[in-house]
Amino acid sequence: MLVKDVKEVTAFGVPQETFVLNVGPQHPATHGVLRVKMTMDGEYIVKAEPVCGYIHRMHEKMGENRTYAQFLPNTSRIDYLSSMNYTHAFVGAVERGLKLQVPPRAEYLRVITSELNRISSHLVWWGALLNDLGGWTPLLYAFDDREKILDLLEGICGARLTYAYYRIGGLYNDVDDDFLNGTRAFVKHMRPRLKMYKDLVTDNIILRKRLIGIGPISAEMCRKYGATGQVIRGAGVAYDVRRVEPYSAYPEFDFEIPTYPEADSMARYLVHMAELEQSLRIIEQAVEKLPSGPVMAEKVPRVLKLPAGDYCYAVEAARGRFLVRIVSDNKEIPYRVKLRTPCLSNLSLFEEASRGMLLPDALALMGSLDLVIPDIDR
Amino acid sequence: MNNSPANNSQAQSVQSPALASPGAATPSLAPKPAAAASPAPTAPAAPAAAAAKPAVVSAAPPPPPPVPAALAHLKVPFQGADYSLKGYHAEATVAPDQVVAAAEALDKEGFAIDTITGVDWMAQGQMEVVYDYFHPEKTLRAVIRTRVPRDNPELPTISKVFPGANWHERETHDFFGIRFTGHPDLSPFLLPEDATYHPLRKDFTSCS
Numbered sequence: 085m086l087v088k089d090v091k092e093v094t095a096f097g098v099p100q101e102t103f104v105l106n107v108g109p110q111h112p113a114t115h116g117v118l119r120v121k122m123t124m125d126g127e128y129i130v131k132a133e134p135v136c137g138y139i140h141r142m143h144e145k146m147g148e149n150r151t152y153a154q155f156l157p158n159t160s161r162i163d164y165l166s167s168m169n170y171t172h173a174f175v176g177a178v179e180r181g182l183k184l185q186v187p188p189r190a191e192y193l194r195v196i197t198s199e200l201n202r203i204s205s206h207l208v209w210w211g212a213l214l215n216d217l218g219g220w221t222p223l224l225y226a227f228d229d230r231e232k233i234l235d236l237l238e239g240i241c242g243a244r245l246t247y248a249y250y251r252i253g254g255l256y257n258d259v260d261d262d263f264l265n266g267t268r269a270f271v272k273h274m275r276p277r278l279k280m281y282k283d284l285v286t287d288n289i290i291l292r293k294r295l296i297g298i299g300p301i302s303a304e305m306c307r308k309y310g311a312t313g314q315v316i317r318g319a320g321v322a323y324d325v326r327r328v329e330p331y332s333a334y335p336e337f338d339f340e341i342p343t344y345p346e347a348d349s350m351a352r353y354l355v356h357m358a359e360l361e362q363s364l365r366i367i368e369q370a371v372e373k374l375p376s377g378p379v380m381a382e383k384v385p386r387v388l389k390l391p392a393g394d395y396c397y398a399v400e401a402a403r404g405r406f407l408v409r410i411v412s413d414n415k416e417i418p419y420r421v422k423l424r425t426p427c428l429s430n431l432s433l434f435e436e437a438s439r440g441m442l443l444p445d446a447l448a449l450m451g452s453l454d455l456v457i458p459d460i461d462r
Numbered sequence: 064m065n066n067s068p069a070n071n072s073q074a075q076s077v078q079s080p081a082l083a084s085p086g087a088a089t090p091s092l093a094p095k096p097a098a099a100a101s102p103a104p105t106a107p108a109a110p111a112a113a114a115a116k117p118a119v120v121s122a123a124p125p126p127p128p129p130v131p132a133a134l135a136h137l138k139v140p141f142q143g144a145d146y147s148l149k150g151y152h153a154e155a156t157v158a159p160d161q162v163v164a165a166a167e168a169l170d171k172e173g174f175a176i177d178t179i180t181g182v183d184w185m186a187q188g189q190m191e192v193v194y195d196y197f198h199p200e201k202t203l204r205a206v207i208r209t210r211v212p213r214d215n216p217e218l219p220t221i222s223k224v225f226p227g228a229n230w231h232e233r234e235t236h237d238f239f240g241i242r243f244t245g246h247p248d249l250s251p252f253l254l255p256e257d258a259t260y261h262p263l264r265k266d267f268t269s270c271s
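Protein chains in written order, with our numbering: chain A, 85 to 462; chain B, 64 to 271.
Chain A with its partners taken away, still in its complex shape (with noise of 0.2 angstroms):
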């Protein structure tokens, strides 16, 4: 900006100049397609507006020209790195609009691979979050131990990454002995490495200095935004799908809702880890309860008709409220299927909050706001 008139001038005699800065759509903070405009005055922010859509898919338009069992596969494909979370809410909108009973056994299993996914989905963001910090190591380590619930999953389903193991009525097949002693083994193995993760980075001081008090996103925010997940939770509001809209077998369980009023980006952090071993509880309940029996309902109609109406689903995935919501004109093909990504959301403040940060601190808040972009975008 050229100085013109004495009016853009400072006291100082400085001229207020700002500057447009462009982070991504390439960029490593963003893992994924996502361009953040950027305003800044020297070091600071003044504008921040995320720039969307650069892996746009259209999956709902998808989901109007296919049947349910054929939109399925899709909704693996949302948020990779909590796929099990997603396809459950699929089935879920489904099963409801069907008035289907899934047998004990299957909502056991679906609850076990939706948490070793959410495990699996944390350790990346963790990995992620210190890459973007500067400590490249740490991500190694998460890895290594990601690797073992791949695997898992693999055996069960063949997939690593785009599971759609759930099916409309249960489960696509039943678990073996490999699968649960893996399962027992893996908790057995989490648990020192997650006080090993504390002990390495968690009260790490330069990991401390750089999240603590930073990016602050209140309560009040959150609501008016809509953010679920770690940010509510990191700002002390107990927000979790699995406990305020139970579903499944999660009433079943004995587990915690980790929250910390902070509300900055070590909050956000805290609530994470804390969740890490949350999940291992529950799937050590899971394994030890697990029922015995079929793993489909029995009677799952060969063509799927939903009654006319419509049909809401929420779940919480790795990175919050997760809402399918199907409008049926009773037909094989979905009239309407509306996804509700937790990451949108979540995202939809980085704007307001922000605001005059110092760009490696909103760096560090985009990173404690675990994004995953083809969330946002579908």
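FYI, nobody ran anything at the bench for these hints, they're computed from the structure.
Every residue gets a Cβ at the ideal spot worked out from N, C-alpha and C, and that includes glycine.
Some clues are possibly wrong.
Stated by the list, open to error - Quick list of in silico lysine-lysine cross-link-like pairs, DSSO-like style, CA-CA up to 27 angstroms:
| # | chain 1 | residue 1 | chain 2 | residue 2 |
| --- | --- | --- | --- | --- |
| 1 | B | K171 | A | K308 |
| 2 | A | K308 | B | K201 |
| 3 | B | K138 | B | K201 |
| 4 | B | K138 | A | K121 |
| 5 | A | K183 | B | K201 |
What the hints assert, rightly or not - Have a look at the derived ranges for each label pair, beta carbon to beta carbon:
| # | chain 1 | residue 1 | chain 2 | residue 2 | range |
| --- | --- | --- | --- | --- | --- |
| 6 | B | A135 | A | M146 | 35 to 43 angstroms |
| 7 | A | T286 | B | A133 | 36 to 44 angstroms |
| 8 | A | T123 | B | K201 | 34 to 42 angstroms |
| 9 | A | E340 | B | A132 | 24 to 32 angstroms |
Given chain A, work out where chain B should sit, using these hints.
Only chain B this time, still in chain A's reference frame:
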């Protein structure tokens, strides 16, 4: 692992006739009258939805559950809904100019914005706009619906009440061409910056 076809009935039903292309599927999707999406009685000032009210009700519908106490005192015409079947506790159909008042009432009750989306009821010449809300502290979900004429879909923005509505409305504009008056920026959000089409309109077939 056991991979027998018996365990895979869903995958088989994938073969069913609906392999139609988007273009072939859309014309047959004439929706049933509002039964599909607005079982709630319409608000006094919702002329469009009233006209589309179904005459025949399917066999013995159970009476709707009562409206949750936290919503019953609001001036929004809420109807109770069966959560186990629908995934929300109450819904209301209001006139398009009432969505801001409804948002303000829910804001006062401590609700958070969940999402906003559209549904194109092409056969009836209407666009439905659905506002989902959740409560951060209670087990409570509320839905507000409204309908606007399909040839001139326009209604006020609620982004001044819930700033989070900004992106949801922008996306709804992208996909349906529904205009939110007073919205700060309705430029394409997920679509390319030069997009002039609205892909979730039922008569949309391909990029032109």
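Status of each hint after checking the structure:
no.	hint	in the structure
1	B/K171 x A/K308	11 angstroms, holds
2	A/K308 x B/K201	16 angstroms, holds
3	B/K138 x B/K201	20 angstroms, holds
4	B/K138 x A/K121	41 angstroms, violated
5	A/K183 x B/K201	25 angstroms, holds
6	B/A135 x A/M146: 35 to 43 angstroms	39 angstroms, holds
7	A/T286 x B/A133: 36 to 44 angstroms	39 angstroms, holds
8	A/T123 x B/K201: 34 to 42 angstroms	39 angstroms, holds
9	A/E340 x B/A132: 24 to 32 angstroms	28 angstroms, holds
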